[in-house]
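Q: Heads up: the sequence lines are chains A and B, in that order.
Start counting the first sequence at 1; every next residue gets the next number (this note's numbering).
Start counting the second sequence at 314; every next residue gets the next number (this note's numbering).
It should be emphasised that the hints constitute simulated quantities derived from the structure, not laboratory data.
Careful: at least some of the hints might be erroneous.
[Claimed, not checked] Interface residues of chain A toward chain B, partial, derived using beta-carbon atoms under 8 Å:
#, residue
1, Ala10
2, Ile14
3, Gly18
4, Val19
5, Ser141
6, Gly248
7, Val288
8, Ala293
We put the beta carbon where it would ideally sit given N, CA and C, even for glycine.
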Amino acid sequence: MIGFIVRRLAQSLIVIIGVSIVTFILLHLLPGSPIRAILGPRATPVAVHQLTVQLGLNKPLPVQYAVWVNNLIHLNLGYSYKLDQPVTALLAQRLPKTLFLVGTSLVLAVVIAVPLGVLMAVRRGKVDDYVLTGLSFVFYSMPSFWLGLLLIGLFNATLNWLPYEAPQDQVSVLSQFNGMVLPVATLTLVTVALFSRYMRSSVLEQIVQDYIRTARAKGLSNRTVLTRHVLRNALIPVITLFGLSLGGVLSGAVVVEEVFNYPGMGLLFFQSAVNGDFPVLLGVSVVVAVATAAGNLVADILYAVVDPRIRYV
Amino acid sequence: MVHSAMSLISQLRPVSNDGTSEGGEVAASGSMWRMIAEIFLENRLAAVGLGVIVFMLLFCFLGPLLYHTQQIYNNPYLANRSPSLAHPLGTDQVGYDVLGRLMVGGQSSLEIGFAAALIAVLLGVIWGAVAGLVGGFLDGLMMRIVDTLLAFPFLFALILLGAIFSTSIPELILVIGLVAWLVPSRLVRAETLSLRVRDYVQAVAVMGGSRRRVLLRHIVPNTVGTIVVNATFQVADAIIFVATLSYLGIGVPPPATNWGGELAQGLNYIFDGYWWLIYPPGLAIVITVVAFNFVGDALRDALEVRLQRR
Chain A
1 MIGFIVRRLA
11 QSLIVIIGVS
21 IVTFILLHLL
31 PGSPIRAILG
41 PRATPVAVHQ
51 LTVQLGLNKP
61 LPVQYAVWVN
71 NLIHLNLGYS
81 YKLDQPVTAL
91 LAQRLPKTLF
101 LVGTSLVLAV
111 VIAVPLGVLM
121 AVRRGKVDDY
131 VLTGLSFVFY
141 SMPSFWLGLL
151 LIGLFNATLN
161 WLPYEAPQDQ
171 VSVLSQFNGM
181 VLPVATLTLV
191 TVALFSRYMR
201 SSVLEQIVQD
211 YIRTARAKGL
221 SNRTVLTRHV
231 LRNALIPVIT
241 LFGLSLGGVL
251 SGAVVVEEVF
261 NYPGMGLLFF
271 QSAVNGDFPV
281 LLGVSVVVAV
291 ATAAGNLVAD
301 ILYAVVDPRI
311 RYV
Chain B
314 MVHSAMSLIS
324 QLRPVSNDGT
334 SEGGEVAASG
344 SMWRMIAEIF
354 LENRLAAVGL
364 GVIVFMLLFC
374 FLGPLLYHTQ
384 QIYNNPYLAN
394 RSPSLAHPLG
404 TDQVGYDVLG
414 RLMVGGQSSL
424 EIGFAAALIA
434 VLLGVIWGAV
444 AGLVGGFLDG
454 LMMRIVDTLL
464 AFPFLFALIL
474 LGAIFSTSIP
484 ELILVIGLVA
494 WLVPSRLVRA
504 ETLSLRVRDY
514 VQAVAVMGGS
524 RRRVLLRHIV
534 PNTVGTIVVN
544 ATFQVADAII
554 FVATLSYLGI
564 GVPPPATNWG
574 GELAQGLNYI
584 FDGYWWLIYP
594 PGLAIVITVV
604 AFNFVGDALR
614 DALEVRLQRR
């Protein structure tokens with residue numbers, strides 16, 4: 001078991017290193033130069049050359065990469081000239097907000113989707129299942145920005161119950177809870193649509209197994225069969241899928257943050273991509289890669305913990 | 314995208330669907346197409362989905378021939394009119410007729426969706442089949458590359474790539490294809506690994522067939538089922554990706570348009586109550602994507618059932 005965890009950790013580390021290399025290379029393909037961005041369009045060639053040397057941008061790429069990794073280890077992610085702050089400080093501000101949004105949505109989504117999926121599977125073929133499955137299809141097929149704006153239109157423009165913008169200040173979001181309801185609701189709805197379908201599929205696969213037939217033949221009630229046997233076994237593959245979906249949920253968070261102007265990491269990434277802010281992009285990419293790799297790692301380990309058969313892969 | 318994960322559920326199942334009926338390999342590819350046709354005849358949802366897709370294709374590509382509106386010169390005097398007899402779905406903010414715009418936008422959306430899915434599937438099939446067939450160190454290397462690239466959430470990669478490459482339709486197709494090929498490659502590799510040990514494939518090697526022959530004439534045709542299922546989901550996902558990219562501003566520049574772009578522009582007027590700018594493109598996207606998902610789901614369910622019967 002320990003060997004399994006160590007091996008998975010090593011793989012994740014390789015993946016993170018790989019992602020950083022790929023992002024580094026990609027960013028150097030971005031048009032435009034950070035020098036011009038800093039000095040402006042009227043920079044003299046002398047000033048351009050000086051700044052290039054000073055920032056170390058005239059060294060070959062592998063050297064630049066090594067320098068960056070060295071800085072990374074010392075938790076120095078560079079400096080953003082567009083936003084005039086060190087990248088680490090920016091990330092420290094924005095990461096907790098995204099974590100709050102994504103975390104709340106994920107927890108809510110799991111709590112809602114697991115029972116919903118079981119319900120959909122148990123009622124398969126009846127009206128409930130058709131309605132719920134249809135709804136989940138629709139919500140899954142909607143672009144998340146449309147869902148968000150529709151919710152704004154309904155709850156803000158028409159009913160005026162909730163604000164259309166997420167809380168902007170640095171204070172804890174819990175003090176302005178109203179503004180968080182719609183962003184979390186949007187992200188949760190889209191995620192529930194996906195998760196409930198996974199859960200339904202998984203429960204359906206369990207229900208037709210022989211051991212369930214045995215359990216029913218023993219005389220156990222439907223409810224006992226469900227909770228004691230089906231649920232546990234159905235959750236196994238679903239846990240893995242939830243972990244693997246972390247990347248997708250982060251992507252959804254980008255859109256939701258943009259729609260509701262929530263100052264999180266996704267919005268930072270998007271704005272930096274548009275502005276060509278290299279250090280921030282690199283920093284956010286690394287954080288996102290680490291988060292996704294961590295999600296995969298946790299999913300794999302949980303799966304191994306729950307299902308002993310796969311521990312020796 | 315994550316639909317492939319649904320088939321992952323069935324692969325994680327402890328049922329052994331190999332080793333029991335070895336003799337029952339899938340015959341010529343003709344029967345695979347007939348299998349698919351049967352699926353549509355049996356499953357009503359899939360038939361409805363297919364019908365919707367066909368309707369959308371006709372609407373977008375043949376519609377402009379029947380319903381003439383001009384989409385080049387805008388007329389600000391006609392801007393933002395609500396639906397009327399002359400303009401059944403009203404006009405948009407620069408005076409284009411919304412119904413006509415929907416057709417033109419649909420052409421772009423569907424083109425990008427199909428083309429991106431095609432590229433993604435082609436790349437994925439080649440990569441996955443080669444990796445699965447060759448095995449060993451090359452397989453490990455290729456799959457590590459896939460895992461590395463998968464650690465980057467799709468939208469982040471799309472935003473990065475969209476910022477690097479300037480936006481035009483071919484480049485958008487390329488960008489989406491380059492991000493989406495990872496998932497089919499893993500699926501195809503898994504299928505290849507399981508097909509590789511079948512007797513008839515090993516027989517080809519015994520008879521002296523080259524590896525290329527094994528790959529092209531035996532393995533790839535037998536993975537068509539999984540590939541087709543994944544391709545339908547790829548088209549659905551591509552349409553949503555394009556819509557999201559257009560909303561974020563990394564879509565195609567005017568006067569070209571797609572449903573996502575129209576939706577994004579229309580959403581500027583959500584507080585003005587111009588519902589005809591918002592709901593038509595939005596509903597078009599949702600209906601089309603739902604149709605693709607229906608078809609993909611039905612195909613996948615039917616394919617699994619037949620896999621079990623083998």
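Q: Please list, smallest to largest, the hint numbers that this structure does not respect.
A: Of the numbered hints given earlier, the structure breaks just one, which is hint 1.
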